[in-house]
Structures are given as C-alpha cells and as structure tokens.
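S.K.: Please model the entire structure based on the sequences and the hints provided.
Residue numbering for the sequence shown follows the numbering used here, starting at 26 and increasing by one per position.
Honestly, the hints are just simulated from the structure, not real lab data. Hints are not guaranteed to be accurate.
Claimed, not checked - Estimated spans, in silico, between C-beta atoms of each pair:
hint	residue 1	residue 2	range
1	T80	D120	18 to 28 angstroms
2	T49	A91	36 to 46 angstroms
3	G47	H130	31 to 41 angstroms
4	P197	D42	34 to 44 angstroms
5	D162	T49	15 to 25 angstroms
6	E88	H130	22 to 32 angstroms
7	D42	E113	17 to 27 angstroms
8	E95	E148	17 to 27 angstroms
9	T80	L50	40 to 50 angstroms
10	D53	E124	28 to 38 angstroms
11	D120	D87	14 to 24 angstroms
12	E124	T49	33 to 43 angstroms
13	A91	D214	28 to 38 angstroms
Glycine is no exception: its CB is placed at the ideal position from the N, C-alpha and C atoms.
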Amino acid sequence: MSFATRGFSGRRRERDDRLPPGQTLVQDWPVLSAGPTPQIDTGDWALTVRDETGTEHRWSWDELLALGVEDVTVDIHCVTHWSRLGMEWRGVSLDKVFEDVESEHEFVMAHSYGGYTTNVPLEDLLDGKAWVAVEADGAPLDPEHGGPARLLVPHLYFWKSAKWLRGFTMMPDNEPGFWEQYGYHIYGDPWKEERYW
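M.R.: Given below as structure tokens:
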C-alpha cells in the first residue's frame, strides 16, 4: 500500500540530453560581467597572438574577417547554471588564426580589452572547437555580450569564452586567468561540473 500520491512524488521531468548536469535551460541570454563594459570601435580593434619568442601576429578587423567568417550553431553553458541550446553564431575559426603561428607551448592566455584574462589549452582552441565570434543571433555582438568580438569555446563553461577579445599569449604552463585565480576551475568542463577548484 502506497502512502504517497502521484501528485506528491511528481512526474519525471523531461530533460534535454544536451543539458550538462546542474544546468537549467534558458531562452534569453543573461548578461554577467565583472567591471565596466568596454566600448571598442571596429576601426580601433585588433587581434594579436604573441608566441614564446615575443613575436606578435596581428590582424585588424578587416584582416580577421578576410580569413573567412563561418556560421556555427552551438550550445553554451554558464557556470552560474544556465544553458542556451542551438545558439547561432558567426565567427572566424581559431584554426585560421593560429595557422601561421608556430609555437612549442601548449597553453594560451586569452586577453580582453578591459584587462580580463582566461587560460585555455591550445588543443581546445583548434580542430574546429573555437572561434573569434563577431555575431550572435543574426546580429553583430552588442558590447554587453562582448562585442565587437569575443572568444567562443562552447565545450567549456562560458567564462572561458572571453568577452572583448584582443589577443592571445602562448604559455608553457597552464597559468590561471582572472576567474581561475578566484577559485574557478582551471579547465571548466560543464559535463564534469568543473565549476570550482
């Protein structure tokens, strides 16, 4: 004899298999930032990659776009427990950016206008895994969402997709960036719930 009614125990909630553990599906795009929002004109924007010799590879806005912009549809997952599925982006694959960059180093520090940094293993930026995103949802990126360009690394928690991207520095070791120094996980795999150290 059961003492719990069906209404008390509830029905099993339908869950999308694309949602990592601990995540909640949203339809909007929450804005989370530490500090003021930089305002960067595309005429002043540039992307640099500094290798271990100190050599800087540099692209202006037009030079970056000339590498080839592609459409990509991906899921994004924020460490604050929200996920948005099937989000449409346009950007330049980091395979194209790093094509002529020779380095023995296996790690990268991403740098943003405004001073934000985040560390990423180089292998997580290559082989079609990451982009310099310039559009989202069919429109240029708003400054509040990281425009004019942000890093897009959708297989890691979204803090790794640095807003207001301005460059990368090659590193021999996996040194922590801004949030990683404050206790966020050094890697950030949402499927393993790598939120904090």
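S.K.: Report the numbers of all earlier hints that the structure fails to satisfy, in ascending order.
M.R.: none
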